Structures are given as C-alpha cells and as structure tokens.
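2 protein chains.
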Amino acid sequence: MATTLKTPENSAETDAADQPAEVRFRMRIMKGETIAIGPGKVSLLEAVRKHGSISAAARSLDMSYRRAWLLIDEINRSLKSPATISEQGGQSGGGCVLTPVGESIVKLYRDVEAQAQNACADQIESLTQLLKP
Amino acid sequence: MATTLKTPENSAETDAADQPAEVRFRMRIMKGETIAIGPGKVSLLEAVRKHGSISAAARSLDMSYRRAWLLIDEINRSLKSPATISEQGGQSGGGCVLTPVGESIVKLYRDVEAQAQNACADQIESLTQLLKP
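These protein sequences, in sequence, are chains A and B. Counting from 1, one number per residue, gives the positions in the first sequence under full-length UniProt numbering. Counting from 1, one number per residue, gives the positions in the second sequence under full-length UniProt numbering.
The hints are simulated quantities; they were obtained by calculation from the structure and are not laboratory data. Don't take each hint at face value.
[To be verified] For lysine-lysine, the following DSS-like pairs were computed, each having C-alpha atoms within a straight-line distance of at most 27 angstroms:
| id | chain 1 | residue 1 | chain 2 | residue 2 |
| --- | --- | --- | --- | --- |
| 1 | B | K132 | A | K31 |
| 2 | B | K31 | A | K132 |
| 3 | A | K80 | A | K31 |
| 4 | A | K132 | B | K80 |
| 5 | A | K107 | A | K132 |
| 6 | A | K50 | A | K107 |
| 7 | B | K80 | A | K107 |
| 8 | A | K80 | A | K50 |
| 9 | B | K132 | A | K80 |
| 10 | B | K107 | B | K31 |
| 11 | B | K132 | A | K132 |
| 12 | A | K31 | A | K107 |
| 13 | B | K107 | B | K50 |
| 14 | B | K132 | B | K107 |
| 15 | B | K80 | B | K31 |
| 16 | B | K50 | B | K80 |
[To be verified] Which stretches of chain A does chain B cover? Using the computed rule of at least three CB atoms under 8 angstroms from a CB of chain B, they are:
| id | segment |
| --- | --- |
| 17 | 57-68 |
| 18 | 120-128 |
A quick note: this is a predicted structure, and the numbers were derived from the prediction, not measured. Every residue gets a Cβ at the ideal spot worked out from N, C-alpha and C, and that includes glycine.
Using the sequences plus the hints, can you model the full thing?
So, in structure tokens, the structure goes:
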C-alpha cells in the first residue's frame, strides 16, 4: 500500500509533485470548545518528555514559552490528575517531566492513530486508488 | 460511553462547561503539501450533493463561491476521474452533481471516521476516563 502514517519521525516535507499519498489521522477529544486532548497537546507532551522542560519543548516546536505553558496548564486543568510535574527553578527555569498519566496519554493517543489506520486500511486503499498517481 | 462522533448532524456548539467529551476523528490524505482528501473537501462534496450547485453549497458552508470553486477544482484535478459534473449555465449559474466517484469518496470517508472510532473505542474510553467529568 502506498500510504504511510504521518509521525514525527517521517514528517519531513518535500514538494515533489509525484510523491506517494500520505495518510494523517488526527483525533481530538473536545470538552465544549476546548480540545482537551489533540495532536498539538500530545506533541507538546512528547517534546516535554524529550527535552525535560517546557521552555526547551517550546523551542523545539517553534512555539512561544507562554503558549506552551498555557497549553500545559490547560491540559492539566482538564485532567483528574496532572500530566506533568514542574520541578523547582521558577516559572521559566525549572524542569518539567511527564507523570504516569502524561505517559499514558501519549501512548494511548499514538496507539489510536496507528490502530485507526490499520482498521481502515481497506477504505484508505480504495480512496488512494481514486487519486492520480 | 460518554463520547459521540462529531458529524454535521450533531455538531451544534454549546459552551456548557460540563458537557460530555466529544470525539472527532479527521483523516487527511496528503499529496505533497495538498490535502487531496480531507474533512473540508468531503463536507463540500456533501453540500454540493445536498444543494445541487457549487454556489448554494458555498453559501451553506459560509464559504465564498470562489473558494468553493477552487476546492472543487483541486479535488477533481487530484483524481483519476472527477468527483463532480457541472451542468450548463455559466461559471456561477449552473448546477453541479456528484459523480459515482464523488459519491464513493463521501461514503468511504465517512465510513473511515466511524470505523476508526469503533476500532479505538477502548483507548478513547481510557483517555476520556482521565478527564475531569
């Protein structure tokens, strides 16, 4: 099948006109108008896990520290138990790590993307067959 | 399960703070930088089917005629065989109907959304359980 799952590892963009079709699944869990869990917040949690602080995670995503902090705050406010723990060091200086809840969110979310694509492989193949090569 | 699939039929927005979590699945099939098949284009095809012309479809989606026409043109250029047929009547006056290919795209796309949500029901339930009620 000429489709691949879009993940942070293979998301390099090229502008070749005849590259194969690429499938992106995105799930959002909404609470009212707010995206409680969605691709942006999960990518931010992964960046926090990788870089060990909100400021470094924000830089890695080309996002302002303020926006990253507000998103993390929004995630944690929406959860029964927080997804991150900030270590001492002041508002922008301290480290930040994922809690077990944060780890679960990342794992469940990425499982959903992969499993959705597997479950819909036949329809995705039918759709891509309708496209010009 | 306190989650419902977001569809055009039940997408009325409210700002009640304690409404149940709502799950939205969105698939995009990319060709390079272009979304060949995605939620916006599928909603536009559905509106064309319902309203019988690009201009009426555009109005129903609060979209300019020009933008709707360009999106339909982009869809048809990306396909081996077009998704719509425009009837006589000039650039903005004529009717527009879906071809069997257009009908297939709508059906396959909506099947993907429903099937993805069914396949991932366990993970979605686990994620929503982490949210405050």
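- Task: If any of the earlier hints don't hold here, list their numbers in rising order.
- Result: Result: hints 5, 7, 11, 14, 17 break, sorted rising.
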